[in-house]
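Put chains B, C and D on the given structure of chain A with help from the hints.
Chain order of the listed sequences is A, B, C and D. So the first sequence is numbered by the numbering used here: it starts at 1 and just counts up by one. So the second sequence is numbered by the numbering used here: it starts at 1 and just counts up by one. So the third sequence is numbered by the numbering used here: it starts at 1 and just counts up by one. So the fourth sequence is numbered by the numbering used here: it starts at 1 and just counts up by one.
Please keep in mind that the hints were generated in silico from the structure rather than gathered at the bench. Here the structure is a predicted model, which is why all the values come from computation and not from measurement. Glycine included, C-beta positions come from ideal geometry on N, C-alpha and C. Just so you know, not all the hints are guaranteed correct.
Simulated restraints, written as ranges between beta carbons of each label pair [stated by the list, open to error]:
1) 81(C) with 120(A): 32 to 40 Å
2) 74(C) with 2(A): 35 to 43 Å
3) 104(C) with 84(D): 25 to 33 Å
4) 36(A) with 84(B): 20 to 28 Å
5) 70(D) with 39(C): 28 to 36 Å
To give a feel for the contact side, a few chain A residues facing chain B, derived at Cβ under 7 Å [stated by the list, open to error]:
6) 31
7) 35
8) 39
9) 40
Here is how the chains run, residue by residue.
Number of protein chains: 4
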Amino acid sequence: MRHFKTLTDRERAIFEAGITLGAIYHQFSGTPVSPETARDVARCIERAAELQPCVERVSVDIDVSERDTENYGGYTEVSGRNLRVRLVTRCGDWEAVARLEYVEELEYPLMWIEEVRRVRD
Amino acid sequence: MRHFKTLTDRERAIFEAGITLGAIYHQFSGTPVSPETARDVARCIERAAELQPCVERVSVDIDVSERDTENYGGYTEVSGRNLRVRLVTRCGDWEAVARLEYVEELEYPLMWIEEVRRVRD
Amino acid sequence: MRHFKTLTDRERAIFEAGITLGAIYHQFSGTPVSPETARDVARCIERAAELQPCVERVSVDIDVSERDTENYGGYTEVSGRNLRVRLVTRCGDWEAVARLEYVEELEYPLMWIEEVRRVRD
Amino acid sequence: MRHFKTLTDRERAIFEAGITLGAIYHQFSGTPVSPETARDVARCIERAAELQPCVERVSVDIDVSERDTENYGGYTEVSGRNLRVRLVTRCGDWEAVARLEYVEELEYPLMWIEEVRRVRD
Numbered sequence: 001m002r003h004f005k006t007l008t009d010r011e012r013a014i015f016e017a018g019i020t021l022g023a024i025y026h027q028f029s030g031t032p033v034s035p036e037t038a039r040d041v042a043r044c045i046e047r048a049a050e051l052q053p054c055v056e057r058v059s060v061d062i063d064v065s066e067r068d069t070e071n072y073g074g075y076t077e078v079s080g081r082n083l084r085v086r087l088v089t090r091c092g093d094w095e096a097v098a099r100l101e102y103v104e105e106l107e108y109p110l111m112w113i114e115e116v117r118r119v120r121d
Numbered sequence: 001m002r003h004f005k006t007l008t009d010r011e012r013a014i015f016e017a018g019i020t021l022g023a024i025y026h027q028f029s030g031t032p033v034s035p036e037t038a039r040d041v042a043r044c045i046e047r048a049a050e051l052q053p054c055v056e057r058v059s060v061d062i063d064v065s066e067r068d069t070e071n072y073g074g075y076t077e078v079s080g081r082n083l084r085v086r087l088v089t090r091c092g093d094w095e096a097v098a099r100l101e102y103v104e105e106l107e108y109p110l111m112w113i114e115e116v117r118r119v120r121d
Numbered sequence: 001m002r003h004f005k006t007l008t009d010r011e012r013a014i015f016e017a018g019i020t021l022g023a024i025y026h027q028f029s030g031t032p033v034s035p036e037t038a039r040d041v042a043r044c045i046e047r048a049a050e051l052q053p054c055v056e057r058v059s060v061d062i063d064v065s066e067r068d069t070e071n072y073g074g075y076t077e078v079s080g081r082n083l084r085v086r087l088v089t090r091c092g093d094w095e096a097v098a099r100l101e102y103v104e105e106l107e108y109p110l111m112w113i114e115e116v117r118r119v120r121d
Numbered sequence: 001m002r003h004f005k006t007l008t009d010r011e012r013a014i015f016e017a018g019i020t021l022g023a024i025y026h027q028f029s030g031t032p033v034s035p036e037t038a039r040d041v042a043r044c045i046e047r048a049a050e051l052q053p054c055v056e057r058v059s060v061d062i063d064v065s066e067r068d069t070e071n072y073g074g075y076t077e078v079s080g081r082n083l084r085v086r087l088v089t090r091c092g093d094w095e096a097v098a099r100l101e102y103v104e105e106l107e108y109p110l111m112w113i114e115e116v117r118r119v120r121d
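For reference, chain A alone in the conformation it holds in the complex (with noise of 0.2 Å):
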């Protein structure tokens, strides 16, 4: 597609990665979420993210403990501070592994590009 001839297919995976990671982010922060439905909300996740041009796959870990549920709702929320995403996309020969995790030293829920390599299949 013309609008993808800016990038190599190096780039354009990587720019992928960037968009799913914003997307999961800004469209999950807030869902309530416990330890009892935390793995059904982080599928609900990579599942809709899996689904976005270019992702292969998606992996959602929500950290929720019942501490964080001792509060008037009994619930807390998604958060920057207990979502974990790894995902991989992939265009053409290229594969971006992209990450999502709080990082402690940041205080910052960063976004990273973890690895990029050439596959074939």
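Chains B, C and D only, in chain A's frame:
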């Protein structure tokens, strides 16, 4: 709790139903979805909403067909046009049954209270 | 409209207030914000929420300080801890005054009805 | 930062552009909007997105007409069909120009990189 002294139980059941419908709509609108993933997304919405105060049970249906996915992305997204919700809140002896559904003649995803009833158990 | 025959005007003012509070919270949680941009984001929330059915006026405050931006990103995000809303809905002769605010002793961003009153004009 | 050693500056400008487009779309889809409020909502999106890492400037247009508000609610919402974004990221000597716009022939709100360029200042 002093914050709720202004409302009767019946009124609070209605208020909490409103909160949860507004929350569902604005949390999940825009989520990528396809016929294959609609059940998982619906289940996530149900489980998330059931955590909110006074919510007893939530039933969600996302009405997507293959036709909706015939575009570049191959998927569609949760929206006012395909989302249907029925939920029950309870406060004291009162239950409210609330619904969200696209109403064609209004061209609008309407949220309304279908019934408010006294229960005893 | 037949959908609202189950509620009195007073009850519907309460219901619509609930919808709008739930909508605001779940639409805007996660929005990047800093002390410099807080007013623009608050204004956007006010103007968006005032479009919803029966909503008369909305006043939003996002309480962010420089301390909140001392992290890798240099900003924070709209959340239950910094968002304060006061809104008025009206249905027929009835007005409801609703609020959203983080309540420390509950460790929870509470949504409640502060007052319901009859008006005439 | 060690997390970004896998990418060149050029690639990181592309990655961060992807994150910000995905973030904008999924944060603000569903926001109530009318011709009268479109500019305030667009401004909020611009200011929020400009806080994200490596983002230099963001220009947002929400294309809503009176026709879009001829429904029960009297407003419409931000969606892939009316949202247009152009943003510039910078990392080291590299700038990426990214866009989001609904492409009729794709029936899809496409996100793409329009240009990547070396800058010096």
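Consistency of the hints with the structure:
1. 81(C) with 120(A): 32 to 40 Å: 49 Å, violated
2. 74(C) with 2(A): 35 to 43 Å: 36 Å, holds
3. 104(C) with 84(D): 25 to 33 Å: At roughly 42 Å between Cβ atoms, residue 84(D) and residue 104(C) fall outside 25 to 33 Å, so the hint is violated.
4. 36(A) with 84(B): 20 to 28 Å: 25 Å, holds
5. 70(D) with 39(C): 28 to 36 Å: 32 Å, holds
6. 31: 5 Å, holds
7. 35: Given a least distance of 11 Å, the restraint on residue 35(A) is violated.
8. 39: The hint is violated - residue 39(A) has no Cβ within 7 Å of chain B, the shortest such distance being about 10 Å.
9. 40: 5 Å, holds
Checked against the numbered hints listed earlier, the structure breaks hints 1, 3, 7 and 8; every other hint is satisfied.
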